[in-house]
Amino acid sequence: ESLLLISHDIASIRQIADRMATMYAGKIVEVGPLEETIREPLHPYTSILIKSIPPVGASHKAGKLEGVSGSPPSLLNPPRGCRFHPRCPKALPICSLKEPPTVKVGESVVSCWLYAKG
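Just so we're aligned, residue -16 is where the sequence shown starts under the numbering used here, counting upward by one.
Hints are not guaranteed to be accurate.
[Said to hold, decoys possible] Beta-carbon label-pair distances, calculated as ranges:
| id | residue 1 | residue 2 | range |
| --- | --- | --- | --- |
| 1 | Pro62 | Ala99 | 16 to 24 angstroms |
| 2 | Ser79 | Pro37 | 26 to 34 angstroms |
| 3 | Lys100 | Ser54 | 26 to 34 angstroms |
| 4 | Pro37 | Met6 | 20 to 28 angstroms |
| 5 | Pro76 | Gln(-2) | 39 to 47 angstroms |
| 6 | Lys73 | Pro37 | 20 to 28 angstroms |
| 7 | Ser35 | Lys10 | 15 to 23 angstroms |
| 8 | Lys34 | Gln(-2) | 14 to 22 angstroms |
| 9 | Gly9 | Ser35 | 16 to 24 angstroms |
| 10 | Ser57 | Gly89 | 27 to 35 angstroms |
| 11 | Lys87 | Lys34 | 23 to 31 angstroms |
| 12 | Lys100 | Glu19 | 18 to 26 angstroms |
No lab work stands behind these hints: they were computed from the structure.
Backbone N, C-alpha and C define an ideal beta-carbon position, used for all residues, glycine too.
Could you build the full structure based on these sequences and the hints that come with them?
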């Protein structure tokens, strides 16, 4: 049996799912085992999302949470190449030119030029 749950609530997802997909601007950018993806995210957007979750029991003094800089792209006229490149802290020149390939990394797949070979 399968269930597709779309949520930004990682704590709830952890209770019911064993795999996680990260979507940005209508494209899936990473899919993998849930705990592995949370522990070691591959895609820069997944990494930023995970870092934006406050730790359990954290107070407002615990430190600043990370967020995504810039504005989300238009879904009617998305950017060329990787849709996340205008906001990505690890963007390469090719990211603005071509859509990234989907690459298998361990038990996960990621669509990111950082993992492309050659």
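Evaluation of the provided hints:
1. Pro62 - Ala99: 16 to 24 angstroms: holds (18 angstroms)
2. Ser79 - Pro37: 26 to 34 angstroms: holds (32 angstroms)
3. Lys100 - Ser54: 26 to 34 angstroms: holds (32 angstroms)
4. Pro37 - Met6: 20 to 28 angstroms: Holds, at about 22 angstroms.
5. Pro76 - Gln(-2): 39 to 47 angstroms: holds (41 angstroms)
6. Lys73 - Pro37: 20 to 28 angstroms: holds (23 angstroms)
7. Ser35 - Lys10: 15 to 23 angstroms: Since the Cβ atoms of Ser35 and Lys10 sit about 19 angstroms apart, the hinted range of 15 to 23 angstroms holds.
8. Lys34 - Gln(-2): 14 to 22 angstroms: Once the Cβ atoms are compared, 21 angstroms apart, the range 14 to 22 angstroms for Gln(-2) and Lys34 holds.
9. Gly9 - Ser35: 16 to 24 angstroms: holds (20 angstroms)
10. Ser57 - Gly89: 27 to 35 angstroms: For Ser57 and Gly89 the Cβ distance comes to about 34 angstroms; the hint holds.
11. Lys87 - Lys34: 23 to 31 angstroms: Given about 24 angstroms between the Cβ atoms, the range holds.
12. Lys100 - Glu19: 18 to 26 angstroms: 21 angstroms Cβ-Cβ, so the 18 to 26 angstroms window holds.
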